Amino acid sequence: MLALILNAVLSPLLITGAGGILPEMGVSGAACASSVSAIFALVLVIKYLYKNPNTLTLHFAKMTPNWKIFKGILKVGVPAGSEFMLTFFYMALIYWALSRFGPAEQAGFGLGTRIMQSLFLPVMAIAFAAPAIAGQNYAAGKVKRVYATYKISMGMTVGMMAMMAIPCIFVPEWFLGPFSNDPEVILVAATFLSFVGFNFVPAGMVFAASGMFQAFGNTLPSLASTFVRVSTFSCLLVYFVSQDDLAVTTIWTLSVATVFLQATLSFFLLQRALRKKIYARAHARAPISKPAEAN
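Using our numbering, read the sequence shown as starting at 1 and increasing by one per residue.
For the record, the hints were derived by calculation from the structure and aren't laboratory data. Certain hints may be false.
[Stated by the list, open to error] Calculated pairs, DSS-like style, for lysine-lysine (alpha carbon to alpha carbon, straight line, at most 25 Å):
1) K277 / K71
2) K277 / K151
3) K142 / K75
4) K71 / K276
5) K68 / K277
6) K62 / K144
7) K277 / K75
8) K276 / K144
9) K75 / K276
10) K276 / K142
11) K277 / K142
[Stated by the list, open to error] Listed next, with one range per pair, are the computed distances between beta-carbon atoms:
12) A31 / K68: 39 to 45 Å
13) G20 / I46: 30 to 36 Å
14) L56 / F268: 39 to 45 Å
15) Y48 / K75: 30 to 36 Å
16) G20 / G159: 42 to 48 Å
If you're wondering where the values come from, they're calculated on a predicted model, not measured in any experiment. Virtual Cβ for every residue (Gly too), placed ideally from N, Cα, C.
When you get a sec, could you build the whole thing from the sequences and use the hints?
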């Protein structure tokens with residue numbers, strides 16, 4: 001949280017400059033703000049571990065390779081990690097498109113993105129907790145609990161996203177005042193939040209679906225939906241950038257449309273996985289009634 005707040009504060013200051021105190025760095029300022037906040041977070045983690053030495057204890061004599069576990073970790077982790085790579089590409093592409101405008105648009109996007117990510121944290125906490133609960137029950141054969149975890153996590157993420165979307169759509173300025181006094185930057189950030197607020201509910205569906213795919217030990221469907229979204233967005237954005245009348249709002253509209261596409265694809269892929277892994281297993285475990293004996 002502290003690192004995200006620091007990034008949200010530093011991004012507009014370093015991009016546009018701050019009254020002669022900080023230089024105007026443009027896109028480099030956004031990168032610098034991200035690096036400073038990441039280093040800040042690392043320092044806090046090291047400080048915490050130093051003060052709490054029992055939090056992390058390594059027994060090197062017991063650290064022998066278990067290739068079966070390594071393979072299972074990579075099977076789940078590589079596709080999930082690839083999603084972050086696609087997200088990086090998506091963000092880089094937006095900054096590339098915004099380079100056609102000016103530092104205010106870049107700073108506004110950076111500020112709006114950090115606000116959005118901060119609002120996503122409670123929902124992500126729920127979505128990241130669901131795989132552990134669903135995965136343990138799935139391995140234990142408690143299919144009803146797995147399905148209950150799916151319904152509850154989906155309901156909580158979508159419900160919380162809907163509540164946070166309302167102020168972002170109608171009064172986005174509420175979130176921006178403490179971080180910038182540049183009216184142009186605030187206008188761009190407010191416009192960004194008012195558009196991406198429509199993303200929140202489908203994004204909640206994507207988070208919940210991704211958590212369930214992790215619980216089943218198969219993150220490829222989640223990667224596939226992310227790839228479809230990013231590739232569709234990229235192709236459309238490159239086309240619109242080639243036009244002379246590109247508007248910033250066109251970028252946000254493309255983002256909203258492709259997130260809805262990703263949510264729809266994730267939902268149908270998850271329903272297929274549920275039918276295969278939950279409904280089929282529950283049917284297989286159902287007791288078979290014996291035929292009545294003839295009198």
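Status of the hints after comparison with the structure:
no., hint, result
1, K277 / K71, "holds, 21 Å"
2, K277 / K151, "holds, 15 Å"
3, K142 / K75, "holds, 23 Å"
4, K71 / K276, "holds, 23 Å"
5, K68 / K277, "holds, 22 Å"
6, K62 / K144, "violated, 37 Å"
7, K277 / K75, "holds, 18 Å"
8, K276 / K144, "holds, 14 Å"
9, K75 / K276, "holds, 19 Å"
10, K276 / K142, "holds, 15 Å"
11, K277 / K142, "holds, 12 Å"
12, A31 / K68: 39 to 45 Å, "holds, 40 Å"
13, G20 / I46: 30 to 36 Å, "holds, 34 Å"
14, L56 / F268: 39 to 45 Å, "holds, 41 Å"
15, Y48 / K75: 30 to 36 Å, "holds, 31 Å"
16, G20 / G159: 42 to 48 Å, "holds, 46 Å"
In this structure, the one hint that does not hold is number 6.
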